[in-house]
Amino acid sequence: MSDIVIEAKELTKQYKKQKAVDGASFQIRKGMICGLVGPNGAGKTTIMKMLGGLVLPTEGSFTIFGGSSEKELAHARSRMSFMIETPYAKNEMSARENLEKLRLQKGIPDRKRVDEVLEMVGLKDAGKKPVAKFSLGMRQRLGIAGALLSKPEIMVLDEPVNGLDPEGIIEIRNMLKRFNEEEEVTILISSHILAELSQLCTDYMFIRHGKLLQTLSAEELHKMCGEYYHIHTDNDPLALVTLQNKLGITDCDVLKDGSLRLFERLDELPLISKTLYENGLLPTTLHVHEADLESYYMKLVGDDNDEHNQGNAETDKA
Amino acid sequence: MTNIIKEMLRQTRRDKLLWLGAVYIGAMLGAMFSDNGLTTDTGSSFFGFAMQTLYIMIPLILGTMAARICGADLRDKTANYELLFGKKRREVYFGRFIASFIACFTVMTVIFAVIIALPTALNGWGESLTARNAAAHLALVYPIMFRILCFFTAFTFLCKNDIIAFVVAIVGTLMCFVFVFAMSELADIELTWHLAVSDLMHILDFSNTTQGFVDGKDITVYKAPIETAAAVRSLLASFGIGSFWLFGGYMLYRKSDIS
Numbered sequence: 001m002s003d004i005v006i007e008a009k010e011l012t013k014q015y016k017k018q019k020a021v022d023g024a025s026f027q028i029r030k031g032m033i034c035g036l037v038g039p040n041g042a043g044k045t046t047i048m049k050m051l052g053g054l055v056l057p058t059e060g061s062f063t064i065f066g067g068s069s070e071k072e073l074a075h076a077r078s079r080m081s082f083m084i085e086t087p088y089a090k091n092e093m094s095a096r097e098n099l100e101k102l103r104l105q106k107g108i109p110d111r112k113r114v115d116e117v118l119e120m121v122g123l124k125d126a127g128k129k130p131v132a133k134f135s136l137g138m139r140q141r142l143g144i145a146g147a148l149l150s151k152p153e154i155m156v157l158d159e160p161v162n163g164l165d166p167e168g169i170i171e172i173r174n175m176l177k178r179f180n181e182e183e184e185v186t187i188l189i190s191s192h193i194l195a196e197l198s199q200l201c202t203d204y205m206f207i208r209h210g211k212l213l214q215t216l217s218a219e220e221l222h223k224m225c226g227e228y229y230h231i232h233t234d235n236d237p238l239a240l241v242t243l244q245n246k247l248g249i250t251d252c253d254v255l256k257d258g259s260l261r262l263f264e265r266l267d268e269l270p271l272i273s274k275t276l277y278e279n280g281l282l283p284t285t286l287h288v289h290e291a292d293l294e295s296y297y298m299k300l301v302g303d304d305n306d307e308h309n310q311g312n313a314e315t316d317k318a
Numbered sequence: 001m002t003n004i005i006k007e008m009l010r011q012t013r014r015d016k017l018l019w020l021g022a023v024y025i026g027a028m029l030g031a032m033f034s035d036n037g038l039t040t041d042t043g044s045s046f047f048g049f050a051m052q053t054l055y056i057m058i059p060l061i062l063g064t065m066a067a068r069i070c071g072a073d074l075r076d077k078t079a080n081y082e083l084l085f086g087k088k089r090r091e092v093y094f095g096r097f098i099a100s101f102i103a104c105f106t107v108m109t110v111i112f113a114v115i116i117a118l119p120t121a122l123n124g125w126g127e128s129l130t131a132r133n134a135a136a137h138l139a140l141v142y143p144i145m146f147r148i149l150c151f152f153t154a155f156t157f158l159c160k161n162d163i164i165a166f167v168v169a170i171v172g173t174l175m176c177f178v179f180v181f182a183m184s185e186l187a188d189i190e191l192t193w194h195l196a197v198s199d200l201m202h203i204l205d206f207s208n209t210t211q212g213f214v215d216g217k218d219i220t221v222y223k224a225p226i227e228t229a230a231a232v233r234s235l236l237a238s239f240g241i242g243s244f245w246l247f248g249g250y251m252l253y254r255k256s257d258i259s
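Protein chains in written order, with our numbering: chain G, 1 to 318; chain R, 1 to 259.
Bear in mind the hints are in silico, worked out from the structure with no lab data behind them.
All C-beta atoms, glycine included, are put in the ideal place defined by N, C-alpha and C.
Take these hints with a grain of salt, some might be off.
[Said to hold, decoys possible] Derived EDC-like pairs: lysine to aspartate or glutamate, alpha-carbon spacing no greater than 20 Å straight-line:
1. R:K16 to G:D115
2. G:K129 to R:E91
3. R:K16 to G:E85
4. G:K16 to R:D257
5. G:K124 to G:E72
6. R:K255 to G:D236
7. R:K88 to G:E268
8. R:K77 to G:E72
9. G:K133 to G:E97
10. R:K160 to G:D234
11. R:K6 to G:E72
12. G:K71 to R:D257
13. R:K16 to G:E59
14. R:K77 to G:E100
15. G:K246 to G:D257
16. R:K77 to G:E59
17. R:K255 to G:E72
18. G:K90 to R:D188
19. G:K128 to R:D35
20. G:K17 to R:D257
21. G:K124 to G:E100
22. R:K77 to G:E159
23. G:K211 to G:E59
24. G:K129 to R:D15
25. G:K71 to R:E91
26. G:K256 to G:E278
[As the list claims (entries may be wrong)] A few chain G residues that face chain R, going by a derived Cβ cut-off under 8 Å, partial list only:
27. G52
28. L56
29. E70
30. H75
31. R77
32. F82
33. Y88
34. A89
35. L118
36. P237
37. V241
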């Protein structure tokens with residue numbers, strides 16, 4: 001297909017005995033905003049580094065804009081921009097000097113471009129302040145400015161909103177959406193802020209322990225997330241046993257506060273309610289809830305590795 | 001690659017640390033030379049004296065500059081952007097080497113020019129050494145500098161850190177000199193082209209002198225002819241071993257993962 005801009009086949013990276021990426025195969029099409037979702041150490045950054053040419057694959061291959069040779073990939077990367085991990089910058093230089101250095105390294109003739117991107121990311125007023133004195137958020141903005149310098153066709157962004165304040169997150173999200181919609185920029189993005197990704201991405205790739213678990217569109221995710229009943233009663237353990245024994249329910253989570261998540265018999269609310277009442281249980285919460293990306297992610301990859309999501313996890317499979 | 005070279009040279013020109021080093025070395029050499037005939041000796045007499053001091057400085061200056069020019073961007077990872085921008089590893093590596101080469105050879109040429117031009121302008125060239133012989137010595141120094149620079153470039157790319165490369169350049173060079181001195185004094189083994197520093201010592205050795213009487217004046221005459229065989233060995237070693245370091249370093253860098 002001609003609209004595939006990045007295609008990986010069995011991409012593997014092995015460091016000594018550990019496989020950081022294990023046989024990942026995926027396609028990214030033009031115009032996608034693809035979220036790479038996974039816990040720390042899942043292999044997200046390694047995939048991005050392999051695409052950027054910083055890390056060499058142990059096995060497998062990938063193409064960017066259809067090219068896979070060193071020369072073709074170098075040419076393809078000149079049409080892309082990357083922001084991987086903490087943005088690289090010279091600490092003793094100002095934001096403008098750092099961007100000027102990048103402009104010269106890349107050979108971008110337009111001198112005004114530096115001012116334009118500084119304005120875009122809100123660093124125009126940073127003046128001569130050295131990057132060493134920047135906050136994490138300001139460094140992130142500088143990294144994004146560097147990524148925007150060359151008007152890329154594909155952007156690869158590793159945790160781009162990490163360290164930004166809520167206002168900054170919204171600004172960056174809107175900016176990325178605008179680039180995607182107006183200039184058809186394809187974006188591969190990873191983030192720990194899943195709620196943020198869910199507002200931005202058109203597609204998702206879930207990864208854990210280097211293995212790509214699932215690739216699906218936002219539409220497919222929406223369907224797969226589906227709905228569940230959130231049930232809280234005056235005696236949740238008894239409610240669980242009752243629902244299991246009386247209604248034969250098996251697909252049910254117990255949350256940390258003891259309340260229940262019921263994923264089956266979603267069209268039988270009166271029956272569930274009646275069963276609880278008949279067994280002397282008083283439901284204090286009984287409503288339909290639509291699962292979001294976080295819920296789906298936690299269900300898919302579990303919560304054992306990801307400290308960031310422990311607050312949201314709250315699940316123990318019943 | 002042109003963009004990388006231009007940017008590296010621009011960065012080098014603006015590098016305060018390098019300028020500070022240049023001022024320090026300039027002041028040190030100036031103080032040392034002004035007390036030893038910079039303005040009173042003839043050009044040829046001072047040339048012979050100065051080269052015997054300078055051969056220790058040359059690897060230190062080259063090592064420091066190569067470490068800084070090649071290694072600073074590797075340490076703070078700003079060199080990664082070049083790969084991410086679509087530059088080939090070949091361009092990143094050889095672009096930095098060429099930038100270091102230009103900067104180092106410019107600096108060394110300026111130092112040589114001052115050493116030759118200042119006393120010659122004040123007191124004439126003199127009879128201590130023919131200009132042809134001095135030119136032959138200098139012509140052989142440049143390939144050795146190439147060899148040293150190749151090694152330090154490769155080493156800096158290997159450790160990806162200008163500070164480590166700088167420390168190794170200083171300590172390693174001094175250790176090499178100690179080793180060469182020890183070999184010649186203790187074991188009576190003269191290393192010439194085998195090591196870049198011993199080759200440099202050999203080419204710039206003006207310690208063998210005699211006294212002459214020319215135009216009513218006593219002068220020091222340097223007995224430092226360069227044998228053709230030694231010159232050829234030095235040239236072959238400089239380009240051969242230099243290329244080995246340079247391309248060996250590139251092969252390692254080409255296959256390495258960059259964190």
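Against the structure, the hints:
no. : hint             : result
1   : R:K16 to G:D115  : violated (25 Å)
2   : G:K129 to R:E91  : violated (32 Å)
3   : R:K16 to G:E85   : violated (28 Å)
4   : G:K16 to R:D257  : holds (13 Å)
5   : G:K124 to G:E72  : violated (35 Å)
6   : R:K255 to G:D236 : violated (59 Å)
7   : R:K88 to G:E268  : violated (62 Å)
8   : R:K77 to G:E72   : violated (24 Å)
9   : G:K133 to G:E97  : holds (14 Å)
10  : R:K160 to G:D234 : violated (63 Å)
11  : R:K6 to G:E72    : violated (24 Å)
12  : G:K71 to R:D257  : holds (18 Å)
13  : R:K16 to G:E59   : violated (44 Å)
14  : R:K77 to G:E100  : holds (16 Å)
15  : G:K246 to G:D257 : violated (23 Å)
16  : R:K77 to G:E59   : violated (26 Å)
17  : R:K255 to G:E72  : holds (18 Å)
18  : G:K90 to R:D188  : violated (50 Å)
19  : G:K128 to R:D35  : violated (44 Å)
20  : G:K17 to R:D257  : holds (16 Å)
21  : G:K124 to G:E100 : holds (13 Å)
22  : R:K77 to G:E159  : holds (18 Å)
23  : G:K211 to G:E59  : holds (14 Å)
24  : G:K129 to R:D15  : holds (18 Å)
25  : G:K71 to R:E91   : holds (12 Å)
26  : G:K256 to G:E278 : violated (26 Å)
27  : G52              : holds (5 Å)
28  : L56              : holds (6 Å)
29  : E70              : holds (6 Å)
30  : H75              : holds (6 Å)
31  : R77              : holds (4 Å)
32  : F82              : holds (4 Å)
33  : Y88              : holds (4 Å)
34  : A89              : holds (7 Å)
35  : L118             : violated (17 Å)
36  : P237             : violated (49 Å)
37  : V241             : violated (52 Å)
In summary, the structure is inconsistent with hints 1, 2, 3, 5, 6, 7, 8, 10, 11, 13, 15, 16, 18, 19, 26, 35, 36, 37 from the numbered list given earlier, while agreeing with the others.
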